[in-house]
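There are 2 protein chains.
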Amino acid sequence: LNPLDLSDLDTPVALIDLPRMQHNIARMQQRMDALGVRFRPHVKTSKCSPVVDAQLAAGARGITVSTLKEAAHFHAQGITDILYAVSIVPTKLPQVLALRRAGCDLKVITDSVEGARAIVAFGQQHDAQLEVWIEIDSDGHRSGMLPDGQALLDVAQLLHSGGMVMGGVMTHAGSSYDFDTPEALERIAEQERAACVQAAERVRAVGVPCPVVSVGSTPTALFARQLDGVDEVRAGVYVFFDLVMHNVGVCTQDEIALSVLTTVIGHQQDKGWAIVDAGWMAMSRDRGTQRQKHDFGYGQITSLAGEPLAGYQLVSANQEHGILARAGAPDTDIAARFPIGTRLRILPNHACATGAQYPGYVAVGDDLEPQHWERLHGW
Amino acid sequence: LNPLDLSDLDTPVALIDLPRMQHNIARMQQRMDALGVRFRPHVKTSKCSPVVDAQLAAGARGITVSTLKEAAHFHAQGITDILYAVSIVPTKLPQVLALRRAGCDLKVITDSVEGARAIVAFGQQHDAQLEVWIEIDSDGHRSGMLPDGQALLDVAQLLHSGGMVMGGVMTHAGSSYDFDTPEALERIAEQERAACVQAAERVRAVGVPCPVVSVGSTPTALFARQLDGVDEVRAGVYVFFDLVMHNVGVCTQDEIALSVLTTVIGHQQDKGWAIVDAGWMAMSRDRGTQRQKHDFGYGQITSLAGEPLAGYQLVSANQEHGILARAGAPDTDIAARFPIGTRLRILPNHACATGAQYPGYVAVGDDLEPQHWERLHGW
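Chains as they are written, first to last, in my numbering: chain V, 9 to 387; chain W, 9 to 387.
Keep in mind that the hints are not guaranteed to be accurate.
Since the list gives no way to pick one copy over another, a pair counts as held whenever it fits inside one copy or between any two copies.
[Claimed, not checked] When the alpha-carbon atoms are kept at most 20 Å apart in a straight line, the in silico EDC-like pairs for lysine to aspartate or glutamate are as follows:
| id | residue 1 | residue 2 |
| --- | --- | --- |
| 1 | Lys279 | Asp341 |
| 2 | Lys77 | Glu315 |
| 3 | Lys279 | Asp41 |
| 4 | Lys100 | Asp303 |
| 5 | Lys301 | Asp18 |
| 6 | Lys77 | Glu198 |
| 7 | Lys77 | Glu382 |
| 8 | Lys279 | Asp239 |
| 9 | Lys100 | Asp16 |
| 10 | Lys77 | Asp18 |
Don't read these hints as lab results, they were simulated from the structure. In this text the structure is predicted, and so the values were computed from the model without any measurement.
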């Protein structure tokens with residue numbers, strides 16, 4: 009990365025380090041290929057077409073979205089195989105139907121009898137055979153049906169007998185973010201796999217088709233030892249990684265592909281503070297490393313070239329002001345070390361949250377003019 | 009507010025309750041008029057033209073901005089008197105000059121000899137007389153120069169002798185957010201006033217003009233007993249208020265004008281959870297009430313009509329999933345209380361952060377079709 013490439017950019021900027029991103033994409037795809045499963049990236053992390061293009065070019069099959077706006081956008085870009093991975097509610101079904109009638113192979117999910125009934129009623133009313141996957145709760149983390157409960161079978165039969173396509177079961181072991189040892193991550197990956205496979209087998213045993221078993225989170229995708237019975241894996245944040253993932257133990261700081269370019273705008277020398285123009289608006293309010301083994305404040309400071317400056321963090325943030333300081337004793341040479349106008353970069357706690365603060369990214373690589381890439385905002 | 013007005017909106021939505029907003033604007037303007045000072049609202053909270061129009065219509069004089077993008081946008085809307093309240097760095101001066109040459113009376117701030125030298129050098133090089141205000145540190149909170157130090161006088165003289173317009177001194181008592189009693193808020197308001205007036209008097213005593221003394225934060229603006237020597241006050245979040253401000257003691261929950269409209273998408277009945285389609289992307293990651301006297305999680309749940317449902321909070325948030333639960337014993341009737349499809353509203357911790365998650369607001373009032381109002385995003 010040539011630091012001169014960045015001198016014309018107004019700060020703050022969300023930078024994508026392209027070689028790192030390509031490395032992360034290749035690493036995940038190779039892992040999925042080795043495990044013998046398809047890979048369906050979750051585009052909620054980047055919400056950005058060139059990033060998703062790179063994921064598909066590397067071998068991904070279809071995408072996962074977190075909003076119908078993402079579904080419409082990526083369908084307009086030519087992607088048809090799309091899973092909307094948030095329980096559908098009746099008010100959103102007209103949008104789903106419009107996308108499907110426009111040629112988008114959009115799949116929705118549900119995790120309740122009430123939800124399934126609403127889908128069937130809507131589908132029958134509009135003479136539409138919607139494809140529905142059932143969400144399984146593999147770790148008590150959020151949504152989903154118990155894999156060993158009767159309600160799961162009721163929902164599968166309701167959808168099937170109601171004329172919908174029972175497309176599969178899916179789960180997300182979100183609790184994997186709470187662990188930080190290989191042993192624990194392998195265990196939660198196996199728990200996620202086993203729960204989802206069990207759910208599929210029980211659905212099939214009552215005579216309802218369940219073609220796809222879909223699991224995933226970045227930590228479990230990277231730590232699963234085997235994925236017997238699983239057809240596809242979903243993961244999102246791996247494309248950029250971040251400090252939360254670093255603490256979980258799935259990446260090094262050198263693999264984090266998203267950073268915020270900032271400029272030093274002042275100092276409070278006695279306190280050892282440099283003030284930068286990246287506050288919480290530039291970083292997001294995400295403090296995900298606060299309860300992890302290493303608290304990075306609002307982010308880890310790096311040089312303009314991307315080398316971490318050990319001990320220097322964004323320790324506090326107002327809307328457009330960030331306070332940069334050294335952990336431990338104040339650095340009372342800070343004004344000389346980082347004079348006004350100095351450009352630095354900040355590794356974020358949570359790439360999905362930091363990216364969302366920007367209308368677009370600037371993608372930078374070794375032999376490349378910086379590229380401006382738009383991202384989606386809102387619903 | 010007629011709940012029927014909201015049935016066509018896709019959730020999540022950032023709603024502005026117009027009668028509450030107008031009440032908040034009138035309350036602040038009346039207070040400023042009573043104290044005999046001009047009022048310069050900080051538009052970083054709303055970043056929205058119709059909101060700012062309402063503030064100006066009520067009597068505000070000029071605006072404060074947190075980014076040059078805001079300055080350019082509001083200047084294009086016809087506002088000329090603009091203070092950019094983040095220390096200026098050399099790389100941003102060409103944008104400042106372009107705006108001034110386009111007729112914008114844009115004022116910048118600095119808080120260091122180094123910064124003042126850069127402004128003077130740039131101004132002289134471009135034959136431009138920039139207007140500069142000096143930022144004063146009245147509470148050790150962030151940026152600014154000590155009001156009783158020599159460096160303040162050095163900067164004032166540098167700017168003046170270098171041919172710039174020394175336009176005034178300004179401060180922001182950001183630490184007022186850390187208090188929650190009238191006595192403490194009155195004390196910090198007086199400290200803010202006294203520090204800024206002292207700075208102006210010392211600058212004037214060395215023969216440098218210092219026409220404007222500008223102070224402000226929402227809590228100090230509302231709790232100042234007197235503002236002798238002050239010319240203008242700045243405040244931002246008062247226009248919407250939020251749960252942080254409620255905890256500080258400057259508003260009731262009924263005065264909070266920004267809320268997020270959400271839909272129930274599922275349940276985990278045993279845990280007493282309803283899952284809603286407002287996660288951290290809809291609320292922001294701001295957990296500003298965590299260290300205050302009442303922790304509201306990610307937000308206070310209200311009915312569709314806006315009445316707080318005591319004890320019900322957004323207790324946890326993933327990107328597009330929020331977990332709604334009752335404080336204390338789990339509400340195991342939650343699926344019957346809030347069936348799938350139920351629409352609720354959520355009062356946010358921090359209006360500035362929540363608003364930033366949306367490309368626009370929907371403004372609703374008693375006798376009004378909902379209005380879609382755009383807001384600025386990014387830099």
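Hints and how they fare:
Taking identical chains as interchangeable, the C-alpha atoms of Lys279 and Asp341 lie at most 20 Å apart only when both belong to the same chain, with a minimum of 10 Å there against 53 Å between chains. Taking identical chains as interchangeable, the C-alpha atoms of Lys77 and Glu315 are never at most 20 Å apart, the minima being 36 Å within one chain and 30 Å between chains. Taking identical chains as interchangeable, the C-alpha atoms of Lys279 and Asp41 are never at most 20 Å apart, the minima being 52 Å within one chain and 38 Å between chains. Taking the closest pair of Cα atoms, Lys100 and Asp303 never come within 20 Å of each other, the shortest separation being 39 Å inside a single copy and 32 Å across copies.
In this homomeric assembly, Lys301 and Asp18 never come within 20 Å of each other (Cα to Cα): the closest approach is 34 Å inside a single copy and 39 Å across copies. In this homomeric assembly, Lys77 and Glu198 never come within 20 Å of each other (Cα to Cα): the closest approach is 33 Å inside a single copy and 49 Å across copies. Taking identical chains as interchangeable, the C-alpha atoms of Lys77 and Glu382 lie at most 20 Å apart whether they share a chain (14 Å) or sit on different chains (17 Å). For a Cα distance limit of 20 Å, the shortest separation of Lys279 from Asp239 qualifies neither inside one copy, at 55 Å, nor across copies, at 31 Å.
Taking CA atoms no more than 20 Å apart as the test, Lys100 paired with Asp16 passes between copies only; the shortest distance there is 11 Å, against 43 Å inside one copy. For the homomeric pair Lys77 and Asp18, the shortest alpha-carbon distance between copies (11 Å) is at most 20 Å, but the shortest distance inside one copy (29 Å) is not.
Taken one by one, the earlier hints fail for this structure at numbers 2, 3, 4, 5, 6, 8, listed in ascending order.
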